[in-house]
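A.B. asks: Each chain, letter by letter, is given below.
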Amino acid sequence: MLPDHLLSWMIFFPLLGAGLILLVPKRYPTLMKLIAVAATIPPLWWAANLYVQFDRWGTGFQYVEKVPWIKDFNIHYFLGIDGISVPMVLLTALLAFICVIASWNINEHVRGYFALFLLLDTAMVGVFCALDFFLFYVFWELMLLPMYFLIGVWGGPNKEYAAIKFFLFTLVGSVLMLVVMLVFYFGSVEPSTGLHSFDLTILADQSVHQAFLKNHTIRWLCYVGLFIGFAIKIPLVPFHTWLPDAHVEAPTAVSVILAGVLLKMGTYGILRISYPVLPDMALAFALYAAILGLISIIYGALCAMAQTDMKKLIAYSSISHMGFVMLGMSVFTNTTAINGAVLQMFNHGTVTAMLFLLVGVIYDRAHTRDIDGFGGLAKTMPVYAGYTGLAFFAALGLPGLSSFISEALVLVGSFQQYKIITITATTGIVLTAAYFLWTMQRVFLGPQNKKWAELPEISLREAFTLTPLALIVILLGFYPMPVLDLIGTTLKHTVAMVVG
Amino acid sequence: MAKLIDPQHMKSILWLIPCLPLAGAVINGLLGRRLPARLIHFIGCASVFMAFLVSVAGFFTLLGIEEPQQRLLIQSLYQWILTGSFSLEVAFRLDPLSMVLCLVVTGVGFLIHLYSVGYMAGDESQGRYFAYLNLFTFSMLLLVLGDNLLLMFVGWEGVGLCSYLLIGFWFTDLEKAQAGMKAFIVNRVGDFGFFVGLMLLFWTLFEGSNGTMTGLSFQQLREGIPLLGTARPILGVGVATWVALLFFFGATGKSAQIPLYIWLPDAMAGPTPVSAFIHAATMVTAGVYMIVRLNFLYVAAPVAMAVVAVVGGVTAFYAATIALTQNDIKRVLAYSTISQLGYMFLAVGVAAFSTGIFHLVTHAFFKALLFLGAGSVIHAVHSNDMQEMGGLKKYMPHTYLTFMAAYLAISGIPPLSGFMSKDEILWATFNSHLPVAGLGKALWALGLLTAGLTAFYMTRLVVLTFMGSFRGGSEKEKHLHESPSVMTLPLMALAVLSVAGGVIGLPAVTHLPNLLHDFLGPVLSSHGTSGHQAHAYGLEVLLMLISTGVAATGIYLGWLFYVKRPELPAKLAARFASLYQVLNEKYYVDEIYQALFVRPLLKLVALSGRFDLNTIDGAVNLSSRVTVKFAFLIGWEDLKIVDGAVNGLADIFKRWGAALRRLQTGRVQHYLYSVVLGIFLLSVAMIMF
Numbered sequence: 287m288l289p290d291h292l293l294s295w296m297i298f299f300p301l302l303g304a305g306l307i308l309l310v311p312k313r314y315p316t317l318m319k320l321i322a323v324a325a326t327i328p329p330l331w332w333a334a335n336l337y338v339q340f341d342r343w344g345t346g347f348q349y350v351e352k353v354p355w356i357k358d359f360n361i362h363y364f365l366g367i368d369g370i371s372v373p374m375v376l377l378t379a380l381l382a383f384i385c386v387i388a389s390w391n392i393n394e395h396v397r398g399y400f401a402l403f404l405l406l407d408t409a410m411v412g413v414f415c416a417l418d419f420f421l422f423y424v425f426w427e428l429m430l431l432p433m434y435f436l437i438g439v440w441g442g443p444n445k446e447y448a449a450i451k452f453f454l455f456t457l458v459g460s461v462l463m464l465v466v467m468l469v470f471y472f473g474s475v476e477p478s479t480g481l482h483s484f485d486l487t488i489l490a491d492q493s494v495h496q497a498f499l500k501n502h503t504i505r506w507l508c509y510v511g512l513f514i515g516f517a518i519k520i521p522l523v524p525f526h527t528w529l530p531d532a533h534v535e536a537p538t539a540v541s542v543i544l545a546g547v548l549l550k551m552g553t554y555g556i557l558r559i560s561y562p563v564l565p566d567m568a569l570a571f572a573l574y575a576a577i578l579g580l581i582s583i584i585y586g587a588l589c590a591m592a593q594t595d596m597k598k599l600i601a602y603s604s605i606s607h608m609g610f611v612m613l614g615m616s617v618f619t620n621t622t623a624i625n626g627a628v629l630q631m632f633n634h635g636t637v638t639a640m641l642f643l644l645v646g647v648i649y650d651r652a653h654t655r656d657i658d659g660f661g662g663l664a665k666t667m668p669v670y671a672g673y674t675g676l677a678f679f680a681a682l683g684l685p686g687l688s689s690f691i692s693e694a695l696v697l698v699g700s701f702q703q704y705k706i707i708t709i710t711a712t713t714g715i716v717l718t719a720a721y722f723l724w725t726m727q728r729v730f731l732g733p734q735n736k737k738w739a740e741l742p743e744i745s746l747r748e749a750f751t752l753t754p755l756a757l758i759v760i761l762l763g764f765y766p767m768p769v770l771d772l773i774g775t776t777l778k779h780t781v782a783m784v785v786g
Numbered sequence: 066m067a068k069l070i071d072p073q074h075m076k077s078i079l080w081l082i083p084c085l086p087l088a089g090a091v092i093n094g095l096l097g098r099r100l101p102a103r104l105i106h107f108i109g110c111a112s113v114f115m116a117f118l119v120s121v122a123g124f125f126t127l128l129g130i131e132e133p134q135q136r137l138l139i140q141s142l143y144q145w146i147l148t149g150s151f152s153l154e155v156a157f158r159l160d161p162l163s164m165v166l167c168l169v170v171t172g173v174g175f176l177i178h179l180y181s182v183g184y185m186a187g188d189e190s191q192g193r194y195f196a197y198l199n200l201f202t203f204s205m206l207l208l209v210l211g212d213n214l215l216l217m218f219v220g221w222e223g224v225g226l227c228s229y230l231l232i233g234f235w236f237t238d239l240e241k242a243q244a245g246m247k248a249f250i251v252n253r254v255g256d257f258g259f260f261v262g263l264m265l266l267f268w269t270l271f272e273g274s275n276g277t278m279t280g281l282s283f284q285q286l287r288e289g290i291p292l293l294g295t296a297r298p299i300l301g302v303g304v305a306t307w308v309a310l311l312f313f314f315g316a317t318g319k320s321a322q323i324p325l326y327i328w329l330p331d332a333m334a335g336p337t338p339v340s341a342f343i344h345a346a347t348m349v350t351a352g353v354y355m356i357v358r359l360n361f362l363y364v365a366a367p368v369a370m371a372v373v374a375v376v377g378g379v380t381a382f383y384a385a386t387i388a389l390t391q392n393d394i395k396r397v398l399a400y401s402t403i404s405q406l407g408y409m410f411l412a413v414g415v416a417a418f419s420t421g422i423f424h425l426v427t428h429a430f431f432k433a434l435l436f437l438g439a440g441s442v443i444h445a446v447h448s449n450d451m452q453e454m455g456g457l458k459k460y461m462p463h464t465y466l467t468f469m470a471a472y473l474a475i476s477g478i479p480p481l482s483g484f485m486s487k488d489e490i491l492w493a494t495f496n497s498h499l500p501v502a503g504l505g506k507a508l509w510a511l512g513l514l515t516a517g518l519t520a521f522y523m524t525r526l527v528v529l530t531f532m533g534s535f536r537g538g539s540e541k542e543k544h545l546h547e548s549p550s551v552m553t554l555p556l557m558a559l560a561v562l563s564v565a566g567g568v569i570g571l572p573a574v575t576h577l578p579n580l581l582h583d584f585l586g587p588v589l590s591s592h593g594t595s596g597h598q599a600h601a602y603g604l605e606v607l608l609m610l611i612s613t614g615v616a617a618t619g620i621y622l623g624w625l626f627y628v629k630r631p632e633l634p635a636k637l638a639a640r641f642a643s644l645y646q647v648l649n650e651k652y653y654v655d656e657i658y659q660a661l662f663v664r665p666l667l668k669l670v671a672l673s674g675r676f677d678l679n680t681i682d683g684a685v686n687l688s689s690r691v692t693v694k695f696a697f698l699i700g701w702e703d704l705k706i707v708d709g710a711v712n713g714l715a716d717i718f719k720r721w722g723a724a725l726r727r728l729q730t731g732r733v734q735h736y737l738y739s740v741v742l743g744i745f746l747l748s749v750a751m752i753m754f
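Line by line, the protein sequences are chains A and B. Going by this note's numbering, the letters in the first sequence line up with residues 287 to 786, in that order. Going by this note's numbering, the letters in the second sequence line up with residues 66 to 754, in that order.
One thing to keep in mind: the hints can contain errors.
Pairwise CB distance ranges, derived in the manner of DEER restraints [as the list claims (entries may be wrong)]:
no., chain 1, residue 1, chain 2, residue 2, range
1, A, N444, B, V302, 50 to 58 angstroms
2, A, Q339, B, N679, 17 to 25 angstroms
3, B, H74, A, T775, 20 to 28 angstroms
4, B, T613, A, G675, 28 to 36 angstroms
5, B, R287, A, A570, 35 to 43 angstroms
6, B, S274, A, N335, 37 to 45 angstroms
7, A, I356, B, S688, 33 to 41 angstroms
8, A, G675, B, V302, 52 to 60 angstroms
Incomplete in silico selection of chain A near chain B, CB under 7 angstroms [unchecked claim]:
no., residue
9, I709
10, T712
11, P733
12, P768
Okay, the calculated bits of chain A under chain B, using three or more residues with CB under 8 angstroms as the criterion [stated by the list, open to error]:
no., stretch
13, 332 to 345
14, 495 to 509
15, 536 to 543
16, 583 to 592
17, 637 to 649
18, 738 to 747
These are calculated hints, taken from the structure and not from any lab test. Backbone N, C-alpha and C define an ideal beta-carbon position, used for all residues, glycine too.
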């Protein structure tokens, strides 16, 4: 049985959990953790139902909820999902559950941590469901604060620097988004009511744009402003330097959420807002976006190879992998590339979540992430090495695992429109293989480092967080249709809309 | 021939061929650490043996189909990828070509699995070993049976993965781990070419067919090849040539040809049965298989064919020269494998596709046998260095006898299998119609010279290993022993195949049918028969005599150098010191690549890392510092963030840190309460209005 207002339940149920946790007396930390788990299970169940029931052939938004919210400004509480949001909602629900389990060893300020975490969960699902720009913005901002505190309070030694850097970068993006949002609002008039609107489905109708918003320069500025706002989140080079610092300092589960879900909001925002509202600019800007994607792919891979901190390495590899998403999203001559891009958003979410969980496992034991400080760990922790091997090979795009399909689709699709860019991007697969295998060798292979010979093998709880992700990674490698089915119809529509 | 098995039934169980070994890999991989060794061995060997039985059933099914053109079974399993313009299925294709490979992979594979039971006895990670070996068998069968180019690519990289895992099987030895990494990365360089070729091919067909060709199945590719001719050339070179060359670049990685062969000698770090299976009999022949599979494409690109032939011929010669001076028994065999693979590419390059497959098959027999024999020797001597061997004939009679069969086969002594296939290649090369006049004859001469070198270095190997007296010290000599029968039985089976395997491809002069050629006929373009249309028997016999003479000369010289006058090699090495040095150091190619590619890349990596830290991130920090200064200058001292600070960003961090510390002492709860309260209020307001 599914409740009415399913999306609202999915968004706010974790918040109920957060509220409940705040009421629990300090001396019952385990109860708080249990509540946190309990608050993430129903959304996961609903997400699974959503996956089954979602109409693959429907072109519009589904599970729509729309009620007036702030009438004076024609703002609506407007939710709905399409093929682009469904995989993201699934991913968020899954990772939220896994991350709560992975946070079990948090023992300081337990209440604050889990309450903030659930608040973050609410905001994330909210971003993926909101169809009113204002509501989108509210959820977007709501994400920022818990994230700031989760890094700044529970982070590593340099957490303050990392947290404020994250905050300032994101703030710049938010300000840009705010300005553009207001331009959209005042630049459009809803014909039926004669009011300005934040409604994204209305803003996508080019006929509601007033002369001001029809002005080419204004549109161009809006597009670029919005693009930079989202590019910071993805992050695209050169707006990326907050990410490695944030990752290095963040606790494991926060890194997982950051890389697994938050980065996708950048590309999601472009698909949800930039393309529909300014399709002509999307087309005009496509080549530059593809080049930025390419730069991220190659530059991210080169920087990843230069790192000695495992978390930094994975952070840069995220930049490189998200570059594929950007490249694929910039192709409008076929739907293969953009399908690959959205699939890559999902796949990168699962693979990178595995990677950060795995780094967390070793950091909890050794209290170091220095790649050169290990060696021969495969002897000490064979099961752990097995999981890591799977995650590394998934990340380097081994055929038979999920990321290969999405990267291959992006490359094959992009080749039609951008030959040179795509061929250059394809060299990325060599670099990626090089830095992952090199890391594998330095950490796991070679003679056993006596210093770490006594490290305990991966625990049952840790294996429990990794196994579902591992299964998804393998399944989607041999059978990606479950996700491709979900997204295909919507993306066909997206491309058709941009091409006009 | 009567239909033994209904083709429809066979079609529905094709998936078993790859999936049986996969099941073995999963079971041994997940449970291997808890299962007893005997059960691990049973699962590992039985899964491959059952796949072999299914393959044999498939073989008789194909033979049972009267019309050779109809010998094709395709099992479609499910839609794999569908994104508008791009549609691929997971489907297996059993035709005469994949049939031959299936039989080799599962048949020789089973023997090697069996041998491994003895070779790996006592190793603590046998579960892992057999899981990897089964996973390799699965990937290789996927490569062979996959009915579209991308599925083939899955197998193509899958075998690379297993190769990586098995080369570095004893991973606590850093050198072995590094060898695995090198193999994977060098292969990835080739795969880059393969993938670009795939994209170019797909879009050329898609656009040429006005969007009707949305897949990459081999049937579609075959039908679409004429479209390549009409596509606009790129940089003055036809699309077909580009695609063929890009695929061939991929093949030079997987099949260890110039310029990407450098990983194979290092790959010898893996357990010896792995070298026999992956790095001699099956995986490294994938490039040859791919070209034969796409023979219709290559026939449409004569320039690319000539490149394949030249690279193959030159690699064959080049690798043979390096093999002359190596002292590590496995390295000699590794360079020998590169050289023999070169022969195969020479064959397919001159459009003698079935001949290439013929040599692939016989090579799988005799080279697997050579490696397994070498493994048996290493098992006894505990060293790879031939200078510590000698005189093993009397201690290891079975190994010795079977090894001799393979030795005579690879040296080209009639009528052993190696002679048959190598001679067919030389004959086809002699008669080829390459775009450059005289090129065929030149390549023939090169191939002939290589045959002489092969006979020479193999004689050297056999003499140093089995003849004379033992040089490894008396302590070791006491422990010399023949290997257990679980190891020698596969040797004997392979010895029989190495001796008699040639019957599947008898030369035309015998007036007996060339079974393999006839069997493969339906898969090949008609153009691919050039070597057999010219029935110049007199010439054929003459060339046979010449090549036999060259082989005999090679053996004689080997005998002269290493038995009759053993002081000669040292003298020659001193006389031609620089040449000897260059050969011994393998032409310094590893060093050259290191200087040309690896070091510049590492420099670029370091540069990127520094640039990111100093320039990009530096700019970010600088801008925030400037902002703070600016705020101070214009007198916004009351600005909360700056709060009178003059020492730049550091101060901000301190203050934010202080703020955070206050939060840690309980204010975070206040913050939280307010946020949650606010959201509740908003929700309530929303519901009420």
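A.B. asks: Now, for every hint given, state plainly whether the structure supports it.
C.D. replies: A quick look at each hint next to the structure:
no.	hint	verdict
1	N444(A) <-> V302(B): 50 to 58 angstroms	holds, 54 angstroms
2	Q339(A) <-> N679(B): 17 to 25 angstroms	violated, 52 angstroms
3	H74(B) <-> T775(A): 20 to 28 angstroms	violated, 39 angstroms
4	T613(B) <-> G675(A): 28 to 36 angstroms	violated, 50 angstroms
5	R287(B) <-> A570(A): 35 to 43 angstroms	holds, 41 angstroms
6	S274(B) <-> N335(A): 37 to 45 angstroms	holds, 42 angstroms
7	I356(A) <-> S688(B): 33 to 41 angstroms	holds, 36 angstroms
8	G675(A) <-> V302(B): 52 to 60 angstroms	violated, 41 angstroms
9	I709	holds, 6 angstroms
10	T712	holds, 6 angstroms
11	P733	holds, 5 angstroms
12	P768	violated, 11 angstroms
13	332 to 345	violated (count 0)
14	495 to 509	violated (count 0)
15	536 to 543	violated (count 0)
16	583 to 592	holds (count 5)
17	637 to 649	violated (count 0)
18	738 to 747	violated (count 0)
The structure is inconsistent with the numbered hints 2, 3, 4, 8, 12, 13, 14, 15, 17, 18, although it conforms to all the rest.
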